[in-house]
Structures are given as C-alpha cells and as structure tokens.
Amino acid sequence: SQKIEQNSEALNIQEGKTATLTCNYTNYSPAYLQWYRQDPGRGPVFLLLIRENEKEKRKERLKVTFDTTLKQSLFHITASQPADSATYLCALDPRGGGQGGKLIFGQGTELSVKP
Amino acid sequence: EAGVVQSPRYKIIEKKQPVAFWCNPISGHNTLYWYRQNLGQGPELLIRYENEEAVDDSQLPKDRFSAERLKGVDSTLKIQPAELGDSAVYLCASSLVGTDTDTQYFGPGTRLTVL
Numbered sequence: 001s002q003k004i005e006q007n008s009e010a011l012n013i014q015e016g017k018t019a020t021l022t023c024n025y026t027n028y029s030p031a032y033l034q035w036y037r038q039d040p041g042r043g044p045v046f047l048l049l050i051r052e053n054e055k056e057k058r059k060e061r062l063k064v065t066f067d068t069t070l071k072q073s074l075f076h077i078t079a080s081q082p083a084d085s086a087t088y089l090c091a092l093d094p095r096g097g098g099q100g101g102k103l104i105f106g107q108g109t110e111l112s113v114k115p
Numbered sequence: 001e002a003g004v005v006q007s008p009r010y011k012i013i014e015k016k017q018p019v020a021f022w023c024n025p026i027s028g029h030n031t032l033y034w035y036r037q038n039l040g041q042g043p044e045l046l047i048r049y050e051n052e053e054a055v056d057d058s059q060l061p062k063d064r065f066s067a068e069r070l071k072g073v074d075s076t077l078k079i080q081p082a083e084l085g086d087s088a089v090y091l092c093a094s095s096l097v098g099t100d101t102d103t104q105y106f107g108p109g110t111r112l113t114v115l
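Read top to bottom, the protein sequences are chains A and B.
The opening position of the first sequence corresponds to residue 1 in this note's numbering, with each subsequent residue numbered one higher.
The opening position of the second sequence corresponds to residue 1 in this note's numbering, with each subsequent residue numbered one higher.
No wet-lab data here; the hints were simulated from the structure.
Do not rely on the hints blindly, as some may be mistaken.
What the hints assert, rightly or not - Label pairs and their calculated CB-CB ranges:
1) 96/B <-> 14/A: 37 to 45 Å
2) 63/B <-> 78/A: 47 to 55 Å
3) 58/A <-> 62/B: 40 to 48 Å
4) 62/B <-> 3/A: 23 to 31 Å
5) 16/B <-> 82/A: 41 to 49 Å
6) 52/B <-> 12/A: 40 to 48 Å
Unchecked claim - List time: in silico DSS-like cross-link candidates among lysine-lysine, alpha-carbon distance up to 30 Å:
7) 71/B <-> 102/A
8) 17/A <-> 55/A
9) 59/A <-> 102/A
10) 78/B <-> 102/A
11) 102/A <-> 11/B
12) 78/B <-> 3/A
13) 62/B <-> 102/A
14) 62/B <-> 3/A
15) 102/A <-> 3/A
Unchecked claim - Which bits of chain B does chain A cover? Going by a derived footprint, with three or more residues having C-beta under 8 Å, they are:
16) 38-51
17) 103-110
Glycine included, C-beta positions come from ideal geometry on N, C-alpha and C.
Start from the sequences, fold in the hints, and give me the full structure.
Right, here's the structure in full:
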C-alpha cells in the first residue's frame, strides 16, 4: 500500500541545536517533495520544495535532502530558535512526473525548541 | 496581497444539522482545494477544482458532502446531515495552474465541532 510517514513522536530540542525531521514514503515515485509549516489554529505554510533530481536544497537556516533510493527526505533546521516550534508537514505528488494537481501529506511532526 | 479567506473560523452544530463553509482563494489562482484535517493528522484532500470544474472528488463522501465553485472563484463546501465523525478542521487552499509544483496556499481553516 502507499504510505507517507513522518516521525510520529514530537521532537524536543534545545535552542541553538539542529533539528532533523524525517519523511519516508513507500510505493510512490514523486517528482518532487514539499515541506510545510503549520502553527496551531492556522493553515500550513509552504517552506521548501525539492525535486527528484536534486539531492539538497537550502533556504536560510533550512535544508532539505531527498534520497529517491531510500525513499526519504530529511528536513533540517540549523541554529534552531523557540520561534521554530510548530508542526512540520511533508507532502508529495502521488502521481509523479510533475503532472501537478495533487499532494499527499504526511501526518506531521511537532517540533518544540526550548530556550 | 490578500491570502486565502475562509469563514466561519469556528462552527459548533448538533449532529444531523447542515453546515456550510466558504472560501475565497488568492486572486488569480484558478485551482482550489478543500481538505479535511483531523487532530494529529495531515490534511486529506476532499475535492479539487480547476476553474469551475471539479477534477478530483474521489475522496468526497458524496452522500452527505457537496461543493460548488461559482464562476471559478469562491467556493462553498456543505455537509448535510453532519455526523459526529465530521468534527475536524476544514482547510481551503489555492494554487496557480501552469506551474508543475503545486505550491499551495492555505487559508486558516474552519474548525467544525459536531455534538
């Protein structure tokens, strides 16, 4: 069956450390994978997209990797801050080929950064 | 630029009652999505519109849910009659057709509680 799974348990880290969140998928061949941030009571907000032919993408303190052999994406936040505390969602296009039009979301990982 | 607007933000109803949610997407975005998000889960697509046409409604429980998108802009999602299991956050999102990456912009959602 097709699945997309993220760390099921909340991640608690100390301010200044690097947070690493995992997204694994099975039986999909996505052309790209996206990461979103969701704060309580709000809708998800797009952060980063990485394509199947890209190994790594960076944006400020954020870094995403994409390993299509392992079927895994890692999302890193370096020099984490309490303001980074939120739920992070990964999403992929289930049909592959960059056809557009549909995303499947993981269940999200809750990150808490303590001062 | 205004984001995706949804109303109401909160709704509490008795089971078997009808309820409707409204969404106004970002101006110029002609793809609109309705998602349902249960507590601790990622958003799950209910229906996707391209302009006025519902191009993916495979996950919409059609016995009680209906949706429309008037003139390819605003959209309404209706549940009639509501059941206890419909309690969730209903998210609307929009994106720009013509890109291949489905970056979606979400509204704040409507939190529905069915008693």
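Hint by hint, here is what the structure shows:
| no. | hint | verdict |
| --- | --- | --- |
| 1 | 96/B <-> 14/A: 37 to 45 Å | 39 Å, holds |
| 2 | 63/B <-> 78/A: 47 to 55 Å | 49 Å, holds |
| 3 | 58/A <-> 62/B: 40 to 48 Å | 44 Å, holds |
| 4 | 62/B <-> 3/A: 23 to 31 Å | 26 Å, holds |
| 5 | 16/B <-> 82/A: 41 to 49 Å | 44 Å, holds |
| 6 | 52/B <-> 12/A: 40 to 48 Å | 47 Å, holds |
| 7 | 71/B <-> 102/A | 22 Å, holds |
| 8 | 17/A <-> 55/A | 23 Å, holds |
| 9 | 59/A <-> 102/A | 24 Å, holds |
| 10 | 78/B <-> 102/A | 22 Å, holds |
| 11 | 102/A <-> 11/B | 27 Å, holds |
| 12 | 78/B <-> 3/A | 29 Å, holds |
| 13 | 62/B <-> 102/A | 19 Å, holds |
| 14 | 62/B <-> 3/A | 25 Å, holds |
| 15 | 102/A <-> 3/A | 15 Å, holds |
| 16 | 38-51 | holds (count 8) |
| 17 | 103-110 | holds (count 7) |
Every hint from the earlier list agrees with this structure, and none is contradicted.
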